[in-house]
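Visitor: Listed here are the chains, written in short residue letters.
There are 4 protein chains.
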Amino acid sequence: MKKAGVLGATGSVGQRFILLLSDHPEFELSVLGASSRSAGKRYEDAVVWKQTDLLPESARNIIVQECKAEAFKDCDIIFSGLDADYAGEIEKEFVSSGLAVVSNAKNYRREADVPLIVPIVNPEHLEIVEQKVKSGQKGFQICISNCSTAGLVAPLKPLVEKFGPIDLLTTTTLQAISGAGFSPGVPGIDILDNIVPFISGEEEKMEWETRKILGGLSEDKMECRLVSEDAMKVSAQCNRVPVIDGHTECISLRFERRPPPSVEAVKQCLRDYVCEASKLGCPSAPKNTIHVLEQNDRPQPRLDRVRDNGFGVSVGRIREDPVLDFKMVVLSHNTIIGAAGSGVLIGEILLKKGLI
Amino acid sequence: MKKAGVLGATGSVGQRFILLLSDHPEFELSVLGASSRSAGKRYEDAVVWKQTDLLPESARNIIVQECKAEAFKDCDIIFSGLDADYAGEIEKEFVSSGLAVVSNAKNYRREADVPLIVPIVNPEHLEIVEQKVKSGQKGFQICISNCSTAGLVAPLKPLVEKFGPIDLLTTTTLQAISGAGFSPGVPGIDILDNIVPFISGEEEKMEWETRKILGGLSEDKMECRLVSEDAMKVSAQCNRVPVIDGHTECISLRFERRPPPSVEAVKQCLRDYVCEASKLGCPSAPKNTIHVLEQNDRPQPRLDRVRDNGFGVSVGRIREDPVLDFKMVVLSHNTIIGAAGSGVLIGEILLKKGLI
Amino acid sequence: MKKAGVLGATGSVGQRFILLLSDHPEFELSVLGASSRSAGKRYEDAVVWKQTDLLPESARNIIVQECKAEAFKDCDIIFSGLDADYAGEIEKEFVSSGLAVVSNAKNYRREADVPLIVPIVNPEHLEIVEQKVKSGQKGFQICISNCSTAGLVAPLKPLVEKFGPIDLLTTTTLQAISGAGFSPGVPGIDILDNIVPFISGEEEKMEWETRKILGGLSEDKMECRLVSEDAMKVSAQCNRVPVIDGHTECISLRFERRPPPSVEAVKQCLRDYVCEASKLGCPSAPKNTIHVLEQNDRPQPRLDRVRDNGFGVSVGRIREDPVLDFKMVVLSHNTIIGAAGSGVLIGEILLKKGLI
Amino acid sequence: MKKAGVLGATGSVGQRFILLLSDHPEFELSVLGASSRSAGKRYEDAVVWKQTDLLPESARNIIVQECKAEAFKDCDIIFSGLDADYAGEIEKEFVSSGLAVVSNAKNYRREADVPLIVPIVNPEHLEIVEQKVKSGQKGFQICISNCSTAGLVAPLKPLVEKFGPIDLLTTTTLQAISGAGFSPGVPGIDILDNIVPFISGEEEKMEWETRKILGGLSEDKMECRLVSEDAMKVSAQCNRVPVIDGHTECISLRFERRPPPSVEAVKQCLRDYVCEASKLGCPSAPKNTIHVLEQNDRPQPRLDRVRDNGFGVSVGRIREDPVLDFKMVVLSHNTIIGAAGSGVLIGEILLKKGLI
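For the record, the sequence lines run as chains A, B, C and D.
Residue numbering for the first sequence is 1 to 356, as defined by full-length UniProt numbering.
Residue numbering for the second sequence is 1 to 356, as defined by full-length UniProt numbering.
Residue numbering for the third sequence is 1 to 356, as defined by full-length UniProt numbering.
Residue numbering for the fourth sequence is 1 to 356, as defined by full-length UniProt numbering.
You may find that some hints are simply not true.
Since the list can't tell identical chains apart, any single copy or any two copies may satisfy a pair.
[Said to hold, decoys possible] Straight-line C-alpha distance at most 27 Å; calculated DSSO-like pairs for lysine-lysine:
1) K279 / K267
2) K50 / K267
3) K2 / K106
4) K353 / K92
5) K233 / K287
6) K68 / K162
7) K2 / K267
8) K352 / K157
9) K3 / K138
10) K68 / K279
11) K134 / K50
12) K2 / K157
13) K2 / K138
14) K68 / K287
15) K287 / K353
16) K267 / K233
17) K132 / K352
18) K233 / K134
19) K157 / K267
20) K162 / K132
FYI, nobody ran anything at the bench for these hints, they're computed from the structure.
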């Protein structure tokens with residue numbers, strides 16, 4: 001069993017990390033870090049637990065620590081659910097203290113030598129970590145992608161692998177409120193009988209992260225290389241909708257190749273996709289990475305978000321698009337494959353690859 | 001005062017017609033038609049009234065008639081909220097009996113000599129009616145557009161008038177449930193904490209109707225001419241969302257002209273637009289046809305749907321689009337400018353033009 | 001026109017005050033007070049306006065003041081939407097500076113010489129103010145009741161007047177989220193697909209305020225006298241539900257008199273009730289104070305909350321109760337008759353009575 | 001493995017039966033019955049599956065039968081999710097054909113020799129079945145209680161056992177929409193931003209069923225004996241709320257005994273309660289029959305409805321009541337312990353008792 005530390009343990013992402021790790025076959029909850037307001041308390045007393053599952057017994061009595069690397073030095077891996085306001089400095093200290101940090105925060109996503117990972121999509125970017133470990137470096141940083149990016153890139157990856165570059169890509173998102181956390185998150189008065197057609201910074205993240213995740217590595221495998229803005233134009237329109245969990249995205253895309261593949265070929269490609277994490281036998285990896293749905297009114301967040309415990313992505317309504325080549329609807333679980341779940345699955349891949 | 005008949009008076013669109021006409025300065029509720037189940041009853045007894053406004057006194061005691069032209073022969077105008085299952089035959093009988101029918105049903109929208117009207121957009125298509133009236137024809141049919149089409153074309157019209165053709169257009173809709181009517185409409189179990197990414201026939205309607213509404217007339221002004229599919233490619237993705245009233249649409253468009261206008265020119269064009277109904281002084285016409293919003297999180301359906309009593313359209317987040325030229329968010333009130341309200345405003349225009 | 005000042009002008013209650021006063025026939029918006037963070041700005045720049053009506057022109061350019069009495073000295077009346085954290089000291093300073101303060105805050109509700117007013121229920125308690133004014137006192141404090149209390153006491157008042165004391169009273173509330181304000185108010189994550197069976201302090205307020213509002217005055221009319229806890233036992237269970245506006249209450253009551261009146265007599269009593277504000281001709285007073293609904297599935301918040309612009313209360317399902325005498329469902333608009341609207345109507349009564 | 005038949009297999013209760021039985025250690029899905037419209041089709045083709053879990057493999061290919069006893073003659077037990085319109089005749093035919101029927105329909109609940117069972121509450125009423133079986137009767141009928149009754153009686157049973165009769169009982173319910181089924185169930189337009197303060201027949205069911213379930217048996221153990229209306233007065237007020245699953249009930253009760261027990265004694269009694277199904281080791285029985293929650297804002301349906309897979313009941317806010325003795329909030333999962341889950345757990349008890 002590997003020892004896992006969780007940063008930001010009382011927040012919404014931290015709580016999800018704790019749920020996913022509490023019963024995990026390979027990791028054990030070891031150290032929990034939170035703000036100085038919580039430090040010194042039993043976790044049960046420090047947290048306002050807001051999950052549908054009960055607070056796990058294994059976490060209840062752990063004494064919360066401040067987020068200083070010293071307290072986490074025996075951890076094999078650190079999962080960070082810290083807010084961006086705090087993640088920058090704290091994670092830097094952890095990495096420079098030789099710790100392996102998998103973070104949900106946005107702070108280091110744009111660093112060329114930090115892999116930005118959706119574990120069912122681009123685990124090959126962990127090669128950067130492999131290079132670092134080989135060269136004797138102990139601490140390293142890995143970033144989890146933005147929640148809405150994760151759903152978007154899941155079907156794109158097999159399509160690009162099979163049919164070559166996508167040069168135009170649009171997505172309009174209908175995003176669940178759980179992504180905004182608890183305090184305060186999205187006010188009820190803003191989201192009952194309403195839509196908010198704006199999520200700060202989200203469109204920029206989606207447009208940029210997609211090009212990093214679908215990009216390759218430098219020749220020395222020390223850095224990520226983005227798909228250029230010219231090679232792939234990405235446009236996102238992001239909306240917050242009255243849904244608890246599950247981001248729905250209406251996407252449209254054009255392949256560079258003419259003529260494009262058939263609708264049936266696109267569907268088959270998605271059905272056939274088996275992510276590397278599944279091949280490696282990671283315990284959280286989905287049985288079915290992409291569920292291709294044929295009913296015309298699916299996927300729906302309430303019905304489809306928990307496929308493969310939230311690690312699988314559902315794609316429906318794959319059809320030709322009068323403007324680009326294809327349009328389709330993608331659904332992913334924003335707090336599992338879009339956040340903490342991705343973190344844990346990244347940890348499992350690191351373990352399989354001997355990087356922790 | 002012109003005498004107005006309402007068909008489908010007990011349904012959701014019919015109820016809205018009755019509300020809008022009950023206090024109207026130019027029309028008076030004269031005859032109400034519904035199914036044989038309701039015929040013979042006082043309106044109050046026939047209807048399950050589901051509006052936030054009380055059932056108007058003026059409608060309460062009207063005895064409901066069957067939908068036969070004979071009973072409506074003294075009406076100057078007929079507003080039809082009939083379901084498509086019934087509208088076909090009934091409206092045909094009404095028109096051939098010499099009545100002026102303004103219908104919310106889809107049945108005759110695709111007829112070349114039937115104007116498909118969004119009254120704040122293309123009242124010039126009523127020229128067809130003018131030709132018919134001039135030639136001595138008494139009955140005629142006018143169709144109200146689909147609810148989601150109405151919101152889409154509102155900003156397009158002034159843009160095309162000023163900047164020339166739009167050749168690519170995409171829209172992803174987040175549509176309110178009131179558009180689906182009452183019995184049963186959208187089941188609660190399908191729409192609480194959920195999105196349904198499909199509305200039967202809706203995408204086809206939007207893609208086709210847009211090309212009719214933005215198209216011109218034949219030389220003899222007897223028929224509509226569609227913008228060709230080659231000249232303007234339109235792609236719609238339609239979603240039902242947990243919102244009572246107000247369709248939100250994330251649209252993206254490209255002008256034929258290179259270079260395209262500036263963002264500021266686009267905004268100014270929309271701000272400057274005054275629809276003909278307003279110029280004519282129609283009582284229901286919006287003061288401000290298009291509200292251009294500058295706050296980055298607007299328009300929102302709950303806050304913005306009632307601008308100009310639901311006859312105005314709100315447009316926000318106008319910005320450059322990495323894939324096409326511009327993206328923006330459009331909000332329109334689906335039961336007002338998207339249905340019964342459009343019908344009434346068409347009636348007002350007909351009256352101003354002396355066509356009824 | 002009387003000059004009105006508004007305290008807490010940027011908050012949710014303050015915004016409602018501004019809407020109600022902006023077009024008022026007797027009051028004009030004169031001074032707006034808010035925190036020092038907002039002071040010195042134009043109101044439009046200081047506020048995050050979250051109403052479905054547009055920010056009124058008359059308020060847009062008013063320069064926000066700090067909440068010091070000096071700036072409000074020319075006001076004839078002060079409407080306070082201040083949070084309880086600030087209301088205590090600020091309102092005290094205003095009253096001692098000779099100003100008439102009508103407050104939505106809870107701070108002074110329990111003072112014996114402060115009338116706690118639901119204007120459609122107990123305006124006779126303003127006699128205390130009359131005594132003060134007669135005795136030459138200039139400043140005085142009036143409190144608006146808690147939002148859920150307002151709905152509860154509306155039907156109780158005519159019943160007690162006609163049938164004598166109610167000795168047992170229970171209410172289970174289903175309260176809208178708008179009552180919790182904006183920042184943050186009720187988090188969306190807590191209220192979508194959910195109920196929160198607790199509102200801090202609410203049950204105690206309802207149980208106590210009801211006994212004050214239905215109570216009388218001391219002999220010298222200088223103080224309120226509560227109905228004793230022995231004479232009327234009140235039990236409240238308060239829930240927050242996913243509704244924007246409108247508090248629904250399932251109430252049950254027993255009269256002291258045996259046998260109790262008939263169901264029909266109870267209904268007739270409520271139908272016949274005309275509140276004093278209506279008799280005085282106050283512009284905001286409801287035409288129909290209590291709407292007695294006969295359909296078995298009403299009142300419903302979305303359909304019935306705006307009766308008489310939110311100043312009327314709806315009561316339905318009046319029927320015998322196997323445990324007490326009668327049960328019924330009461331609906332009131334929490335931000336109108338339950339908050340700012342009550343404040344304005346109190347102001348109108350004060351004016352009619354010559355107290356401002 | 002016992003062979004189970006399901007009637008009404010395509011409906012909402014039927015789908016839940018299939019989910020609960022598909023992986024069951026003691027029952028196997030054997031025959032599925034539905035309307036003649038579905039009969040002859042593979043289950044997968046006959047059903048519009050609307051569960052968050054995927055349609056179980058084991059049910060997918062079963063050919064749906066008409067609801068005639070002949071086709072079910074090899075079944076050891078029949079679970080009926082039929083609508084009341086059909087349940088009457090069909091279940092009668094099944095019982096008279098010698099089959100054991102556990103039904104969710106209301107039709108036979110009021111028959112004195114038909115046990116009305118909440119399996120975590122009154123399995124001792126199955127004694128009637130035992131008598132029938134002993135006497136050689138083969139077919140018998142058992143009814144599952146109404147969904148909202150199930151939650152109500154769960155905490156009452158241990159309280160009455162320990163502290164003696166409850167003579168006054170009130171409950172105001174906030175009921176989830178899943179209880180109303182799919183076609184159409186509760187229309188979305190009725191329940192978004194709304195409350196419906198009426199559910200047809202529900203209050204009468206709760207008031208009557210509670211007295212049957214908490215009652216005893218006749219001396220010969222052949223019939224149920226109700227608690228008389230004089231001995232226990234029950235009053236219910238039922239509301240439909242915008243919640244998917246989970247009925248919340250605000251209840252209030254008075255014990256006959258004076259003085260009543262303390263709040264702490266009431267809590268301890270509920271905490272200590274272990275239902276017979278748990279003692280018998282039934283696989284679906286809850287580990288913890290009643291979860292007594294101490295946080296003041298719990299139970300909440302979204303967070304607490306799945307305790308013990310929906311077979312446990314949560315009780316919170318236990319406190320003194322100014323009008324009766326105690327008030328508290330009860331939450332139960334309406335489609336599990338309130339419907340299909342109860343049916344399955346009744347089946348498990350029958351099996352443990354050797355009655356099937």
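Visitor: If the cutoff is 27 Å on CA atoms, where do K233 and K287 land: within, between, both or neither? Let me know, please.
Guide: Neither. Shortest intra-copy (32 Å) and inter-copy (39 Å) distances fail the 27 Å Cα cut-off.
Visitor: Have a look at K2 and K138 and pick one of within, between, both or neither, based on CA distance no larger than 27 Å.
Guide: Within one copy, since 16 Å is at most 27 Å while 58 Å is not.
Visitor: Is it within, between, both, or neither for K68 and K279, if the alpha carbons may be no more than 27 Å apart?
Guide: Answer is neither; intra-copy 36 Å and inter-copy 49 Å both fail.
Visitor: Check K233 against K134 for me: Cα-Cα at most 27 Å, and say if that holds within a copy, between copies, both or neither.
Guide: neither (36 Å within a copy, 53 Å between copies)
Visitor: Have a look at K287 and K353 and pick one of within, between, both or neither, based on CA distance no larger than 27 Å.
Guide: within (20 Å within a copy, 40 Å between copies)
Visitor: With identical chains treated as interchangeable, where does the CA-CA distance between K2 and K106 reach 27 Å or less: within a copy, between copies, both, or neither?
Guide: within (26 Å within a copy, 54 Å between copies)
Visitor: For K50 and K267, with the copy left unspecified, which applies at a CA distance of at most 27 Å: within, between, both, or neither?
Guide: For K50 and K267, only the inter-copy Cα distance (23 Å) is at most 27 Å; the intra-copy one is 38 Å.
Visitor: Using 27 Å as the alpha-carbon threshold, which applies to K3 and K138: within, between, both, or neither?
Guide: within (16 Å within a copy, 59 Å between copies)
Visitor: Cα distance capped at 27 Å. Does K352 pair with K157 within a copy, between copies, both, or neither?
Guide: within (22 Å within a copy, 53 Å between copies)
Visitor: Tell me, please, which holds for K279 and K267 at an alpha-carbon limit of 27 Å: within, between, both or neither?
Guide: Classified as within; 21 Å inside a copy, 51 Å across copies.
Visitor: Between K353 and K92, at a C-alpha cutoff of 27 Å, which is it: within one copy, between copies, both, or neither?
Guide: Answer is within; shortest intra-copy Cα gap is 24 Å, inter-copy 64 Å.
Visitor: When no copy is specified for K132 and K352, does a C-alpha distance of 27 Å or less occur within a copy, between copies, both, or neither?
Guide: Answer is within: at 17 Å inside a copy they meet the 27 Å cutoff, but 61 Å across does not.
Against the hints set out earlier in the document, violations occur for numbers 5, 6, 7, 10, 11, 12, 14, 18, 20.
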